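2 protein chains.
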Amino acid sequence: MKKLINAPDTVLSESLDGFAEAHADIVLLGEERKFVRRRTLKPGKPALVSGGGSGHEPLHAGFVGFGMLDAACPGQVFTSPTPDQMIAAVAEVDTGGGALFIVKNYEGDVMNFEMAAEMAGSEVLTVITDDDVAVETSTYSLGRRGVAGTMIVEKVVGAAAEAGMGLGALKVLGDRVNAASRSMGVALTSCIVPAAGTPTFTLPEDEMEMGVGIHGEPGRRRVKLEGADAIAEEMVAAIAGDLGRGGDALLLVNGFGGTPAMELYLMRHAAGKALAKHGIRIARGLVGNYVTSLEMAGCSLTVTLLDDEIARLWDAPVHTSALRWGL
Amino acid sequence: MKKLINAPDTVLSESLDGFAEAHADIVLLGEERKFVRRRTLKPGKPALVSGGGSGHEPLHAGFVGFGMLDAACPGQVFTSPTPDQMIAAVAEVDTGGGALFIVKNYEGDVMNFEMAAEMAGSEVLTVITDDDVAVETSTYSLGRRGVAGTMIVEKVVGAAAEAGMGLGALKVLGDRVNAASRSMGVALTSCIVPAAGTPTFTLPEDEMEMGVGIHGEPGRRRVKLEGADAIAEEMVAAIAGDLGRGGDALLLVNGFGGTPAMELYLMRHAAGKALAKHGIRIARGLVGNYVTSLEMAGCSLTVTLLDDEIARLWDAPVHTSALRWGL
Numbered sequence: 001m002k003k004l005i006n007a008p009d010t011v012l013s014e015s016l017d018g019f020a021e022a023h024a025d026i027v028l029l030g031e032e033r034k035f036v037r038r039r040t041l042k043p044g045k046p047a048l049v050s051g052g053g054s055g056h057e058p059l060h061a062g063f064v065g066f067g068m069l070d071a072a073c074p075g076q077v078f079t080s081p082t083p084d085q086m087i088a089a090v091a092e093v094d095t096g097g098g099a100l101f102i103v104k105n106y107e108g109d110v111m112n113f114e115m116a117a118e119m120a121g122s123e124v125l126t127v128i129t130d131d132d133v134a135v136e137t138s139t140y141s142l143g144r145r146g147v148a149g150t151m152i153v154e155k156v157v158g159a160a161a162e163a164g165m166g167l168g169a170l171k172v173l174g175d176r177v178n179a180a181s182r183s184m185g186v187a188l189t190s191c192i193v194p195a196a197g198t199p200t201f202t203l204p205e206d207e208m209e210m211g212v213g214i215h216g217e218p219g220r221r222r223v224k225l226e227g228a229d230a231i232a233e234e235m236v237a238a239i240a241g242d243l244g245r246g247g248d249a250l251l252l253v254n255g256f257g258g259t260p261a262m263e264l265y266l267m268r269h270a271a272g273k274a275l276a277k278h279g280i281r282i283a284r285g286l287v288g289n290y291v292t293s294l295e296m297a298g299c300s301l302t303v304t305l306l307d308d309e310i311a312r313l314w315d316a317p318v319h320t321s322a323l324r325w326g327l
Numbered sequence: 001m002k003k004l005i006n007a008p009d010t011v012l013s014e015s016l017d018g019f020a021e022a023h024a025d026i027v028l029l030g031e032e033r034k035f036v037r038r039r040t041l042k043p044g045k046p047a048l049v050s051g052g053g054s055g056h057e058p059l060h061a062g063f064v065g066f067g068m069l070d071a072a073c074p075g076q077v078f079t080s081p082t083p084d085q086m087i088a089a090v091a092e093v094d095t096g097g098g099a100l101f102i103v104k105n106y107e108g109d110v111m112n113f114e115m116a117a118e119m120a121g122s123e124v125l126t127v128i129t130d131d132d133v134a135v136e137t138s139t140y141s142l143g144r145r146g147v148a149g150t151m152i153v154e155k156v157v158g159a160a161a162e163a164g165m166g167l168g169a170l171k172v173l174g175d176r177v178n179a180a181s182r183s184m185g186v187a188l189t190s191c192i193v194p195a196a197g198t199p200t201f202t203l204p205e206d207e208m209e210m211g212v213g214i215h216g217e218p219g220r221r222r223v224k225l226e227g228a229d230a231i232a233e234e235m236v237a238a239i240a241g242d243l244g245r246g247g248d249a250l251l252l253v254n255g256f257g258g259t260p261a262m263e264l265y266l267m268r269h270a271a272g273k274a275l276a277k278h279g280i281r282i283a284r285g286l287v288g289n290y291v292t293s294l295e296m297a298g299c300s301l302t303v304t305l306l307d308d309e310i311a312r313l314w315d316a317p318v319h320t321s322a323l324r325w326g327l
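Quick mapping for you: the protein sequence lines, in order, are chains A and B. Residue 105 in the working numbering sits at position 105 of the first sequence, and the numbers go up by one each step. Residue 126 in the working numbering sits at position 126 of the second sequence, and the numbers go up by one each step.
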């Protein structure tokens, strides 16, 4: 295993320390590193709290800040955070407006956030994201997996919370953005979880995993590596078919961590051509490593159909370490 | 070779098309894709023009926009752009203030930018960056290589140009920022140039290339992989020893493309500890993939000693696809 680490069991704590040092203007690290919180809270605003296994950076801690999350609870790599983390986070960032949990649909995450919601001394509502169209159930999930669409939900709901929307309406909005979002990914290589030390899966030199999950879970099919246009067309066909209609959309071309920017932009071009055939027009977009799987090579496409409200909230100012505009 | 591409010879053109589509609010693609230019030029401002081989994205096209570059000329992967590209770029973006070339110190780049400077119908001055302390001469360079410090020069000089500084003063400032900057990198794996199809170099599973160049050129020594703290200490010792003094500094922890954010933040923590021992205080910072080598695993550290002017210009608003704040 070739990694820039000192020891597998201190990767998370040292990485969180570096993150908090690098972005001390935006975030604070909670006691015992149970959560990363926004440095300056807005009194009375419902608190947006997310989290999940580490290894998907910048998701979620990179999205803590003005206009997005109030706290993120990092589990060990690809492992759910424990309920005490979310309970501690809510106790610190709920300033009277209650808390909204944004949770990717994996059994461990859903169970632990649910337990925390019951035990937290606050009113808590939860949005579960399940935007991955690749498979209907998977290794760690009942029902569809929550993947890169999660950050779209966090951005849009975060902007609405900043603008004064109440907890109940935020939950409805979050569910609506999730329902308007579809994703699909492809892996060319596996990642290596530090504690395991060996690749999560092996893929022959000429094959790809179409529909891969963000922990390297199996997708729809393992096939010979194709050209970028053919890959984009297959992912877009799955996404567009599931959306069932065209229109203006936000396109996220998301790198899994090990794919160069040149290839992500090439995929952006390929996806644009494929989306046009399905009547989907890219009105907003983002290209980069946002919801990763450590150093996995590959990418995912996420399409969110826009309406005026979602577009306006997407455009609203945001100031986090990984997403920043308008400020 | 596992890449998200259609064919090796269309990687650059398709990637540039995707880049221009993704950031149409900020950039325009020049005729025959000779350059990427800022969409809205500022009349009379000296034009900042950079460029170099592709494969280092977001450098340089990702830094075209308000407060940074006016144009970037992309060569094929790891291959210098040709003089006609820079000549065409200058013709389009010089609005009367002349042009400043910012060129990484590689023989091909220096020669081609020099030829363009002579043939361009504008007054042109040139800043050569050579911030890499690893080796004194290298495969493609006479003298030190220009690496990630180049983006610091582009940011600081870009802010000064935006604020009204004239061409001669910008050249002096650029040289001064370069002279205040030192970098060193380490590689854990090689990258694969699409046209070659095979790794640029091979590194045993337990070794690293200390002092690697951004094209995979040899560094100081090839040794057994060490822990992150030891790696950071060696790089910081080389940088601090060459700087020769401490003080407030900007630290860039730059990923080469294939290293996860978790590891880059862990290296940020390790570098902070090491810098403190040398009397260098991190007053500004940046962590991420900014000057990459396709999918190479590894990272570099860049330290720029700050004075009030450099710090103020670093903090000034910037609006490019890869660096954005204050707007």
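Treat the hints with care, as some may be off.
Same chains, same names: a pair is fine if it fits in one copy or spans any two.
Stated by the list, open to error - Restricting the straight-line Cα-Cα distance to at most 20 angstroms, the calculated cross-link-like pairs of lysine to aspartate or glutamate (DMTMM-like) are:
(1) Lys277 <-> Glu205
(2) Lys171 <-> Asp206
(3) Lys2 <-> Asp206
(4) Lys277 <-> Asp9
(5) Lys2 <-> Asp229
(6) Lys42 <-> Asp206
(7) Lys2 <-> Glu207
(8) Lys42 <-> Glu162
(9) Lys224 <-> Asp242
(10) Lys42 <-> Asp9
(11) Lys2 <-> Asp307
The hints are simulated quantities; they were obtained by calculation from the structure and are not laboratory data. Bear in mind that the values here come from a model prediction, so they are computed numbers and not experimental data.
Hint by hint, here is what the structure shows:
no. : hint              : verdict
1   : Lys277 <-> Glu205 : neither (31 angstroms within a copy, 45 angstroms between copies)
2   : Lys171 <-> Asp206 : neither (44 angstroms within a copy, 49 angstroms between copies)
3   : Lys2 <-> Asp206   : between (23 angstroms within a copy, 7 angstroms between copies)
4   : Lys277 <-> Asp9   : neither (48 angstroms within a copy, 25 angstroms between copies)
5   : Lys2 <-> Asp229   : between (32 angstroms within a copy, 15 angstroms between copies)
6   : Lys42 <-> Asp206  : neither (51 angstroms within a copy, 49 angstroms between copies)
7   : Lys2 <-> Glu207   : between (23 angstroms within a copy, 8 angstroms between copies)
8   : Lys42 <-> Glu162  : within (8 angstroms within a copy, 34 angstroms between copies)
9   : Lys224 <-> Asp242 : neither (24 angstroms within a copy, 50 angstroms between copies)
10  : Lys42 <-> Asp9    : neither (35 angstroms within a copy, 52 angstroms between copies)
11  : Lys2 <-> Asp307   : neither (45 angstroms within a copy, 38 angstroms between copies)
Consistency with the previously given hints fails for numbers 1, 2, 4, 6, 9, 10, 11, ordered from lowest to highest.
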